[in-house]
Each structure stands twice: as C-alpha cells, then as structure tokens.
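Novice: The chain contents come next:
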Amino acid sequence: MTKTEIFADGFWHNNTIFAQLLGMCPLLGVTTSAENGFWMGSATVLVLLGSNVVVSLIRGVIPKNVRIPAYITVIAAFVTIIGMAMDAWMHAMYLVLGLFIPLIVVNCAILGRAEAFASKHSVTDSVTDALAIGLGFTFALMLLGGVRELFGHGQLFGFHVFGDQYPDFLMFILPPGAFIALGFILAGVNVINRRMAARAAQREAHAEPAGEAVGAEAG
Amino acid sequence: MVMMVVALTVVTLVATLLLGVTDLVTREPIHDAQRAMLHRTLEQVLPPHANSPMDDQVTVKRDGKPIPVYVARDGSGRIVAFAWVVVAPDGYSGAIHILLGVKPNGSIYAVRVTEHQETPGLGDGIVRNKPWVHSFSGKTLENTRWAVKKDGGDFDQFTGATITPRAVVKAVKQGLEFFQARRKMLLHEARQSASSSREVVQ
Numbered sequence: 005m006t007k008t009e010i011f012a013d014g015f016w017h018n019n020t021i022f023a024q025l026l027g028m029c030p031l032l033g034v035t036t037s038a039e040n041g042f043w044m045g046s047a048t049v050l051v052l053l054g055s056n057v058v059v060s061l062i063r064g065v066i067p068k069n070v071r072i073p074a075y076i077t078v079i080a081a082f083v084t085i086i087g088m089a090m091d092a093w094m095h096a097m098y099l100v101l102g103l104f105i106p107l108i109v110v111n112c113a114i115l116g117r118a119e120a121f122a123s124k125h126s127v128t129d130s131v132t133d134a135l136a137i138g139l140g141f142t143f144a145l146m147l148l149g150g151v152r153e154l155f156g157h158g159q160l161f162g163f164h165v166f167g168d169q170y171p172d173f174l175m176f177i178l179p180p181g182a183f184i185a186l187g188f189i190l191a192g193v194n195v196i197n198r199r200m201a202a203r204a205a206q207r208e209a210h211a212e213p214a215g216e217a218v219g220a221e222a223g
Numbered sequence: 006m007v008m009m010v011v012a013l014t015v016v017t018l019v020a021t022l023l024l025g026v027t028d029l030v031t032r033e034p035i036h037d038a039q040r041a042m043l044h045r046t047l048e049q050v051l052p053p054h055a056n057s058p059m060d061d062q063v064t065v066k067r068d069g070k071p072i073p074v075y076v077a078r079d080g081s082g083r084i085v086a087f088a089w090v091v092v093a094p095d096g097y098s099g100a101i102h103i104l105l106g107v108k109p110n111g112s113i114y115a116v117r118v119t120e121h122q123e124t125p126g127l128g129d130g131i132v133r134n135k136p137w138v139h140s141f142s143g144k145t146l147e148n149t150r151w152a153v154k155k156d157g158g159d160f161d162q163f164t165g166a167t168i169t170p171r172a173v174v175k176a177v178k179q180g181l182e183f184f185q186a187r188r189k190m191l192l193h194e195a196r197q198s199a200s201s202s203r204e205v206v207q
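Note that the protein sequences, when read in sequence, are chains G and X.
Here the first sequence stands for residues 5 to 223, where the numbers follow the working numbering.
Here the second sequence stands for residues 6 to 207, where the numbers follow the working numbering.
Heads up, a few of these hints could be off.
[Unchecked claim] Over the 10 angstroms line for every Cβ pair with chain G, so calculated as not near, a few chain X residues:
{"no.": "1", "residue": "SER57"}
{"no.": "2", "residue": "MET59"}
{"no.": "3", "residue": "ASP68"}
{"no.": "4", "residue": "LYS70"}
{"no.": "5", "residue": "LEU146"}
{"no.": "6", "residue": "THR149"}
{"no.": "7", "residue": "LYS154"}
{"no.": "8", "residue": "GLY158"}
{"no.": "9", "residue": "ASP159"}
{"no.": "10", "residue": "LYS175"}
[Stated by the list, open to error] Examples of chain X residues toward chain G, derived with CB under 8 angstroms:
{"no.": "11", "residue": "MET8"}
{"no.": "12", "residue": "MET9"}
{"no.": "13", "residue": "THR31"}
{"no.": "14", "residue": "THR124"}
{"no.": "15", "residue": "GLY126"}
For the record, the hints were derived by calculation from the structure and aren't laboratory data.
As the structure is a prediction and not an experimental result, all values here were calculated from the model.
Built from N, CA and C at the ideal position, the CB exists for glycine as well.
Isolated chain X, as found in the complex:
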C-alpha cells in the first residue's frame, strides 16, 4: 500500500518536473513562432508599409472584449491600413478566425483565414482557393452584396460547401460594419499613438 503511494507520487513528481523544464525551454520559441506566424499573415493582408504593425496596436472593445487592431503606416507616418482578427463562430466545424486588412476609407485590402477546422477538400477552400480568397480585395460595405451567390450575393460558394464561405462572408461583413462604426475613433487613436503621423490617406 505504502509502496503504491510512493511509486505513483514519485512518477507524478518526475513527470511534473520534466514538464516544467520543457515549458521553460519552449515558452520563448513558441511565443516567437506565434509572432512569426502573425507577422507573415499581417504582411499578406496589409499594403506596403514602413512600420512594424505588430508593435503598433490600438485596442478597441467589441462586445466588451478588447481586440488589438494593428496599424500600418507608410514612411511619412500616414496610416495606410488597419488589420484585426474577426471570428466566424458559425463555421461547419467550429469557429473560423480571419485576419482582416482594411484601408482607412473602409475598403478591404486583403483577408486571410488564420485558424479553422473545416473539412479538408471542401470547406478549406477558404484557405486553398486563391481566387476566392482574393475576391475580397477592394470590396466595401457599399459596393458589394455581402452574401454567397446562392443567397443572392456576390461571393462564390464551393461545390458541396456553402456553410463555410457563408460564415466567412458574414464575419467579414460584420468586421467592416465594426470598422465603420468605430472608424473615427480608430483613426483618432492611431494618430495619437504615433507622434510621427500627420494625415490619413483617403
């Protein structure tokens, strides 16, 4: 009996110790890998810029939750675009995270899906189908019917997968509405946060 307790305690203690050490060793690299990943995606959804958007954030509240908004500026400090993550909670299998890059005038520069569990070969077209991904560029709330074609909108659905693109289109639209509502405040705060900024490109 005592032996059993001792054996299990020792095994658990050693395992815990090993896990602690691994956590110490890997914490920094994991953080770096996540940053590198975010950096790569940010570069894809933002127009050419001179600053480091990852380190140039303003925080906005949405439904009580703080959302970091990354700001891209050109060489003279003018704001060229904003980027932030929108979440589509109604994907075919779970939430879809989308990084949205929007110019100050409210038109989309680019979107990229950063996290999803959609069906490989069907719903994952939101990542693999390049023309579809690029079809968001230049769209605004006004110039576009924000729905898939099946629902009378401007975006293609995929053969055998309508739910996934529908969820993404809806989330991107809500992202634009969110931007529209907070545009003035965002521009103001972004200008405040950088002393070098002078004016905004329209």
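Chain G on its own, in the form it takes in the complex:
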C-alpha cells in the first residue's frame, strides 16, 4: 500500500467511527460541543502516534504470546503522559474531558491499530496510519460535537449561530441526542459511499468498449 492509500483507508474507508464503529465511549461521552471533540480527538491522535511508533519499533522483538499486555502497557503509558501534560498546561480542558482521557487506554480503536497495523508495518507506514486514523476519529468527533452544539445550543465553537435567543434543544445535548445524531451522520456517510461507488462503477464502465458499457449500466 502506498502512503496515500494508507491515509485514505484510515481517514475514510476504514474510519474508526464511520466504518468500524469503534471508540463509541469517548464519541458519545464528550461530543457535546465541537471544541470538546477537537481536544479529545487531538489527545487520541497523540496517543495513536506514540503507540503506533513504539509498537512498530518493537514488533520484531516482542514474543507473540505477550504482545497484547506489552501493547496495552505502551498505550497506557502514553495516555497517562498525555493526561498529565494536559492537566499541567491545558488545565481547563482537562477538567472538562476529565474521566475520558484515562479511558483512551481502553479505546479499542487504539489497541486495534497496534495489533492490526503497527505490529505488521514499518515505522513510517505506522505513522501515516496513526495520523489517518487519528484525524479521521477527530473529524468524526468534531462533526458529531458540532451537530449537537449547533442544534442543542445554537452555537458553534461557542459562537451564537442562530442569535442568542435560541431556545436550547435539550435532546441533542443529552445522551439520546448523541445516538440520534450519530445515526443521521452514519446514514449520510452511507449515502456518500454509495454515490462514490456508483461513480467509480460508471467510470469503469465508460473506460470499457461502448457495447459492454450499455450492458453495465442496464445492470
């Protein structure tokens, strides 16, 4: 796989949220605003970068039987380091995200990348994968956070979009709103994917001789 393919795969085709439906706990828990989504995503990107690089570096050395505890130790160390750093230098955000930072350890998306990708690929490929997966995850968190903030509070990144008389639409802020908004977003993603597939099929059909193309379109 080329770097571009790895990136497209991690960011979109194999997106943690849209395709794998992993990492639901931080997704539904912290996405009451786009800003929360951004910082949670950023913390996850840093953890993924760290764990993917280290796992890729030690992939030849760690015996197969103990690889999972080794990976988890690596991930937990990075999560704790990033949690401490946030507590020290971004105290206000740390208080908001609080509980969800240590919970990154059990975000199966991260162990998933260590096991499925970093343990089988070079360091540079693993960095690309970490960035792609991490940014894709951040994008999903911000999208859901933005939708909930926009409809729930009429704001985006704290700015009043619909004027400051907007009556709060509580359902979007409460947990059920997260599930419902996520459902609509997933439906949208499926529509986009289907269009993309249809367009790709059409392009292929056009590339082939005229007679066969008609048949393909009819089918």
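With the hints as your guide, set chain X onto chain G.
Specialist: Positioned in the frame of chain G, the structure of chain X alone reads:
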C-alpha cells in the same frame, strides 16, 4: 518463556521510567494550574481585598476533617470575608464542590461551583445559569427560605432538573450553619493569624 518475561519486564520498566520523568516535569505546572484555578474562583466569591486569601488560611475541623478557610482582608487588615469549600454529596451524578464566600456578618457574598458531573444542559445550570448563581448573594440564614421553590423555598429549580439545585441549596445552607456555629472561633483565629488585623467589619 525467558524471552517473554524479559520483554514484558523491559516494556514495563521503560514505561515506568517515562511516567516518572513526566511526573517530575508536570508536577510543578499542575500544582500551579490548580492554584491559578483556585485563585480565579476565590476572586469571584470574595469582595475586593488587599491580601492574598490563598496564603491567608485558618483551618477548621468539620466532621473530623480539616477544612481550609481562606480569609480576605482590606488594606487596613480588617476581615471582609471568608471563603471555603462545601461539598454537596447528593448531586444528580456525584458530589458537587462549591466555593462559598461569606461576610463576617453571616451573609453570602457569592458562591461558585468548582467541581461537578451534572448533566450538560440540565443540571449544569448551577454553573451556566448566571442569574441563578447570583441569586445567592446577600442571603443569610434568617432572610431566606433555604429550599427550591418546588419545596416551598426561595430558589428556582431548573426545568427538568430539581435534584441538582436542591443539593446545592442544601449544601450552601449547611455551610452557613457551619459558619454560624464557628463564627466566633473563626474570627478569633483569623485575627490571631494576622498581626495587622484590628477590627472586624460588621
């Protein structure tokens, strides 16, 4: 087998080492950030003062636990207010920490919630709803019915959230009762702790 033990030991040792280093590096900034946070909130619950209340504490025991009480004094050293943290254990989701600023005569200057896990959009009105937060100012044990309106008191509840404001009102009331009971002792100790203090504003 040996290789497994060696591998896990090395991974754990390196991780521990990294965590130790991070702790050393971040300990001071975390401490500073927490102090800055406390300083900001103290400034909000205390009237204008000339000293640094964070460094001007007296310690009082409540249910056997020592509670730091921050003392605010004006330029001539007179005590203008006290501030301390009260905890409402019965919030909708967990304990709510409230910083309470009280004048020596027992009336509230201001209250601020410093820690909570209440529902965003409902119970977190105790932080976001400014008129509600400010409705505590000037209240004393005598001039106020300490309950939410639903329970026949003077404080608004929020639409869809009664438990949270009820818990806060109760904790603030208990804080005032605590102050009432220890007022003389507090004033005495605060005066003792500062040589510059002369008299107390009533």
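Novice: Checked against the structure, which of the hints given earlier come out wrong?
Specialist: none
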